[in-house]
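Just so you know, the sequences run in chain order A and B.
So the first sequence is numbered by our numbering: it starts at 1 and just counts up by one.
So the second sequence is numbered by our numbering: it starts at 1 and just counts up by one.
Please note that a few of the clues may not be correct.
What the hints assert, rightly or not - With a cut-off of at most 25 Å between alpha-carbon atoms, the simulated DSS-like pairs for lysine-lysine come out as follows:
#1 A:95 <-> B:166
#2 A:102 <-> B:166
#3 B:165 <-> A:95
What the hints assert, rightly or not - Distance windows between CB atoms, simulated:
#4 A:72 <-> B:101: 28 to 34 Å
#5 B:66 <-> A:4: 37 to 43 Å
#6 B:159 <-> A:72: 14 to 20 Å
#7 B:1 <-> A:100: 40 to 46 Å
#8 B:132 <-> A:93: 42 to 48 Å
#9 A:29 <-> B:110: 35 to 41 Å
#10 B:115 <-> A:65: 17 to 23 Å
#11 A:72 <-> B:108: 28 to 34 Å
#12 B:4 <-> A:100: 34 to 40 Å
#13 A:73 <-> B:72: 23 to 29 Å
#14 A:65 <-> B:75: 40 to 46 Å
#15 B:77 <-> A:61: 49 to 55 Å
#16 B:101 <-> A:60: 33 to 39 Å
#17 B:164 <-> A:73: 23 to 29 Å
Please keep in mind that the hints were generated in silico from the structure rather than gathered at the bench.
Cβ coordinates follow ideal geometry from the N, Cα and C atoms, glycine included.
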Amino acid sequence: METALTLNHFLFVSGVLFAIGLAGVLVRRNLIIIFMCLELMLAAANLTLVAFSRFNLKEGQPDYEGHVLLFFIITVAAAEVAVGLAIIVALFRSKGTTDVTKVDSMKY
Amino acid sequence: MTFLFYIFAALALVGGIGVVVNRNPVSAAFAMIVSFLGLAALFIQLDAYLVGVLQILVYAGAIMVLFIFIIMLLDVRVEENRRFPFFGALCTGGVAAAFAALLLVVLNRSEVGAATLPALAATEGPGSSDVHRIGELLFSQYWFPIQVVGILLLVATIGVVVLSKKELK
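Full structure from sequences and hints, please.
The following block contains the structure:
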């Protein structure tokens, strides 16, 4: 008999996806890819919210407050992507590159 | 059910790894779409239909189109074949692996996490869909946050227009 799905299954997938995103942010040098990995981490956190809402039933239905929170997160993520990409375009205009190792004038 | 979970979880994770290892930004963006599709399937498996559809429409649709548009606009080329950052990759892989291992230990110890998927109460008729319930919650209990989010989107739009101007004054 196959094992039943538990909350741990979903939490583990979410956590590993978050770790992959974290690794991407740390190892990649291209600003756009770093930004994509940030989105990946955000989406991984979403999975945790949905899993908890599904496993904590309220009157026999999933706890929809978790879904509402997720709705807000998706909206904020969309706004963040728009502003972030505009900043990347502005940066590319002034520096001519999206490589983070070449944009370090604020470091010193 | 479990079988499908493993397929879609693998899809989401392989897509995520694809984003990190692909040198070509366009390939990375497509790997990201694969990852989001797998994630959306997991949402639907958790009976979160609206969220699953939103994930595909907003993330895999709008956000990734924006990313690919910017990649094409800036003409970001494949990273030059410079020396592979062994030390950086090793440290990063170590951090990620340690995170996953820690997660495994913590999850195996938790009693909450061992809960199996509880059955939903059967509902019928209008007002039983999750779209209806979420909409009701959004426009009654959460009326104020949704106004704030509307303002946030307005501010983001104005901010993008200001940032995209040729000269900042």
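Unmet hints by their number, sorted upward, for this structure = none
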